Every structure is written in C-alpha cells, then in structure tokens.
Amino acid sequence: MLEMGIIGSRSRPGVSNDNPYSESLFRTIKYSHRWPSEGFKHLEDARSWVKGFTNWYNNTHRHSRIKFVTPGQRNNGEDRAILAKRRELYKKAQEKNANRWSKHTRNWDEISDVELNPENKREAA
1 MLEMGIIGSR SRPGVSNDNP YSESLFRTIK YSHRWPSEGF KHLEDARSWV KGFTNWYNNT
61 HRHSRIKFVT PGQRNNGEDR AILAKRRELY KKAQEKNANR WSKHTRNWDE ISDVELNPEN
121 KREAA
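In full-length UniProt numbering, the protein residues as written are 1 to 125.
If you are wondering where the hints come from, they were derived from the structure by calculation, not from laboratory data.
Be aware that a few hints might be false.
When the alpha-carbon atoms are kept at most 25 Å apart in a straight line, the in silico PhoX-like pairs for lysine-lysine are as follows [said to hold, decoys possible]:
(1) 30 to 51
(2) 91 to 103
(3) 41 to 67
(4) 103 to 92
(5) 96 to 85
(6) 91 to 51
(7) 92 to 51
(8) 30 to 67
(9) 67 to 103
(10) 85 to 103
(11) 41 to 30
(12) 85 to 67
(13) 51 to 41
Here are the in silico distance ranges between beta carbons for each label pair [what the hints assert, rightly or not]:
(14) 65 to 102: 17 to 27 Å
(15) 20 to 52: 17 to 27 Å
(16) 115 to 92: 30 to 40 Å
(17) 95 to 75: 32 to 42 Å
(18) 103 to 42: 49 to 59 Å
Values in this document were obtained by computation on a predicted structure and should not be read as measured data.
Glycine is no exception: its CB is placed at the ideal position from the N, C-alpha and C atoms.
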C-alpha cells in the first residue's frame, strides 16, 4: 500500500466494518467468478489481475444500486441520458401493450446520493 501512496489505518484493528466501502469491494472481489481459485504465483500476476478486475468493475459491470449503469458512466455523467432512454423505452412499451404491465414500470429516475446500506442508517449519538 505504501508503494501506491496509501497510508494504512490500524485505528480499529480486528473490526471488519471499519471501512464498509472497502469491505464491500473486498467481498465483491473475493466472491467474483473471475477470482483465480489457484491464487497468484507472482506479485505482478496479482497486480495485473486487479487492474483487469478494476477495469471490468468500473466500465463493464452494471451496478444495481446505481440503476444498472457502470460506475464509469455515473462518474462521467452519462447515467442521466442512459436512464432517460430506459425510462422512454419502458413508457413506449407500456403504451404499446398496456395489458402486459401490472401498474407501474421500473423506476429509472436518476439518484443523487449513493449509500452502501441506506436502510441501516444510524442516528448520530
């Protein structure tokens, strides 16, 4: 980590949720179907794999929490146009075959804030 300019925090050793975003990403990596079950033979192999995974995660994988766009699309502001197209597509499909739809379509409205576990909000003490 030091080689990358990252200062490690040991302020709460043994606490698995010290940084829930990092923990969530670690779980995603660990349970990824891309994870090499045989491990890595060399440090460069691991670095190369992480680089490829990061590219996939940011530019290919569509995240449910951000309405099935990629983090790259959201970061670049492309999500608004993508969600608007989806909203229009669903609207036209519903108008064309109203009997096939039960009430409402999927909500494709853009979201402003992204939280890891919004349902588990805690009040400050």
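Now for the hints, and whether the structure bears them out:
1. As the CA atoms of residue 30 and residue 51 are separated by approximately 15 Å, the hinted pair is consistent with the 25 Å bound.
2. For a cut-off of 25 Å, the pair hint linking residue 91 to residue 103 stands: about 12 Å separates their Cα positions.
3. Taken as a hint, the residue 41 and residue 67 pair is broken in the structure, with Cα atoms around 37 Å apart against an allowance of 25 Å.
4. Between the alpha carbons of residue 103 and residue 92 the distance comes to roughly 14 Å, so the proposed pair stays at or under 25 Å and holds.
5. Only pairs whose Cα atoms come within 25 Å are accepted, and residue 96 paired with residue 85 is accepted, the gap being roughly 16 Å.
6. Distance hint between residue 91 and residue 51 is unfulfilled; the C-alpha atoms sit about 39 Å from each other, more than 25 Å.
7. Using a Cα cut-off of 25 Å, the hinted pair residue 92 and residue 51 is violated, with the two alpha carbons roughly 40 Å apart.
8. Restraint check for residue 30 and residue 67: satisfied, since their Cα atoms lie roughly 23 Å apart, inside the 25 Å limit.
9. The suggested pairing of residue 67 with residue 103 holds, with an alpha-carbon distance near 20 Å, which does not exceed 25 Å.
10. The straight-line distance between the Cα atoms of residue 85 and residue 103 is roughly 20 Å, inside the 25 Å bound, and the hint therefore holds.
11. Between residue 41 and residue 30, the direct Cα distance comes to roughly 17 Å. Compliance with the 25 Å bound is thereby established for this hinted pair.
12. Proposed proximity of residue 85 and residue 67 is supported: the alpha carbons are some 13 Å apart, at most 25 Å.
13. Our distance criterion of 25 Å between C-alpha atoms is met by residue 51 and residue 41, whose separation comes to about 16 Å.
14. Range check, residue 65 to residue 102: Cβ separation about 24 Å, and the 17 to 27 Å hint holds.
15. Between residue 20 and residue 52 the CB atoms are about 25 Å apart, so this pair conforms to the stated range of 17 to 27 Å.
16. Taken as a hint, the range 30 to 40 Å holds for the pair residue 115 and residue 92, whose Cβ atoms sit roughly 32 Å apart.
17. Taken as a hint, the range 32 to 42 Å holds for the pair residue 95 and residue 75, whose Cβ atoms sit roughly 33 Å apart.
18. About 55 Å separates the C-beta atoms of residue 103 and residue 42, a value consistent with the hinted range of 49 to 59 Å.
The structure does not agree with the numbered hints 3, 6, 7 stated previously, though it agrees with the rest.
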